[in-house]
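*Asks:* Spelled out from the first residue to the last, the chains are:
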Amino acid sequence: MASMLLVAGDPTLDRHETPAGHPERPSRVGAALAGIDAAGLKEAVVRLEPRRATLEELARVHAPGYLEALRAFCDAGGGNLDPDTVAGPGSWDTAILAAGAVLAGIDALDAGAGDAAFVAARPPGHHASADLAMGFCLLNNVAVGAAALAERGERVVIVDWDVHHGNGTQEIFWDDPRVLYVSTHQSPWYPGTGRRTERGGKGAPGLTINIPVPAGATGDVLCHAFDTLILPAAARFDPTWVLVSAGFDAHREDPLAGLALTAGDFGDLAARVQQLAPRPGRLALVLEGGYDLGALERSVGAALAAILGHHYRPESASAGGPGMDAVEAARRAHEEGGDPGHGVDQRMSR
Amino acid sequence: MSRFGRIVVGLDASEGARRALRFAVDLAFELDAEIVGVHGRGLLEEAMAPGEQADLVGQRSLPPGSEGDESFEQQMEAWLSEIVSEHGAGEGAGRSAGLPRHRWRVVEGNPVMALVAAGRAEDASMIVVGSRGAGGFAGLVLGSTSQQLALHADRPVVIVPGP
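Quick note, the sequences are listed as chains A and B, same order.
Our numbering puts the first residue of the first sequence at 1, with every later residue one more than the last.
Our numbering puts the first residue of the second sequence at 1, with every later residue one more than the last.
Wrong hints could be hidden among the right ones.
Pair ranges (Cβ atoms, derived) [what the hints assert, rightly or not]:
#1 G5(B) with E49(A): 56 to 62 Å
#2 R15(A) with E15(B): 44 to 50 Å
#3 D154(B) with D227(A): 38 to 44 Å
Hints are computed from structural coordinates only; laboratory data are not their basis.
For every residue, glycine included, the Cβ atom is placed at its ideal position computed from N, Cα and C.
Given these sequences and hints, build the entire structure.
*Replies:* Printed below as a string of structure tokens:
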């Protein structure tokens, strides 16, 4: 069991402001961090120094022209990027701090400073593609981390349990055999991608695994997905690192979606991703969504407690919702394979 | 069907979208093409009450008071009728039949993604959008759906400017 948790991200430096009432708001980070205290994990935590991702580090996954444009957009005062996504004068700096926090966590783990890392930073990232901000996301934080690791020769699994499909992450690593991208998500739902037939490009067939589940799905459904599909597929991939796009908006109280997970379920999912890591010090959880502050606090606490081997289960696990058949269908789609790149019409690639 | 087949139009409740639809109606009559009106339903719009999300980001997607796909279609049917009646009956073959051939689609995803995917799925001859006029420097460097679309689309994009 891991015993030392590295925590990256500094809410006092957060200057990414969203309009009053917007669900993706600065107080989310405070709620996530409060979960650590609520779970009684304070003694196990080492806080990391904040750092900013460099343009070179970001350019591993983002188009340089997009980065320049985004920075200029923020410097000029910002505005709406799409009907969901806003950026302001402080958003660029906050975004590069969030991406930098992932890199700080990875580097500290690599140096042997801890057993797992939690990146509590915003804005979230998994909808951001190489050159498009959307779905509250400006820079793809988890992708920046995975690309840094891949460049060092590591084999990276990204598990994305956010309730929304991580279309940006999928697109970035669509053809990359160094990264296995696995997503569980509500479907049909925003952003409309993530069908089980989307399996990766010709350079990485089968290295994208999508497990769409219907509204109302409970924790037992996702645990079944892990036990029957994600864990075996990841074992075959033989990863050297595991990154988690850890959104907590699949919680039953989240206002932006309709899955029915509890904090206890996130503990069960976290215990499973820990099994994927080849050894301690190779697991980082990166905050994505999660918009009910209480649910976010409890869920983060339960997830991190499970990783640290502490008992903290503020809500019991959920069961009985729909979606077992969807998991089975996803498992068959993965095992039977098929034409690599099927479903590519949902992607933005030119 | 004419060689121009289908014209995908990006639609929301904005004046820019209405201008785009007006332009597409003219084209559809002249080219004997079908209009496929597409609305990309965003993350907030899927989850929140209509009108509620409009206040958050200052952009309106569906009309206030609407309740999903049905109201979207009703709004667009009303616009289409108004546009055609504003223009009056023309000489083109399509005009004698009243409204141009058309369909409405609401899909998950931000507007750029939705239009790129719809253009591909419909094998559209072009995608028509209104310029929203994000304005100023911000709009020039990154801002608008139309600019993002021009960057990402794999087929011709027509951007209809404001008055």
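*Asks:* Each hint should be assessed against the structure and marked as holding or not.
*Replies:* Hints, one by one, checked against the model:
1. G5(B) with E49(A): 56 to 62 Å: holds, 58 Å
2. R15(A) with E15(B): 44 to 50 Å: With Cβ atoms ~33 Å apart, the hint is violated.
3. D154(B) with D227(A): 38 to 44 Å: holds, 40 Å
Hint 2 from the earlier list is the only one contradicted by this structure; the remaining hints agree with it.
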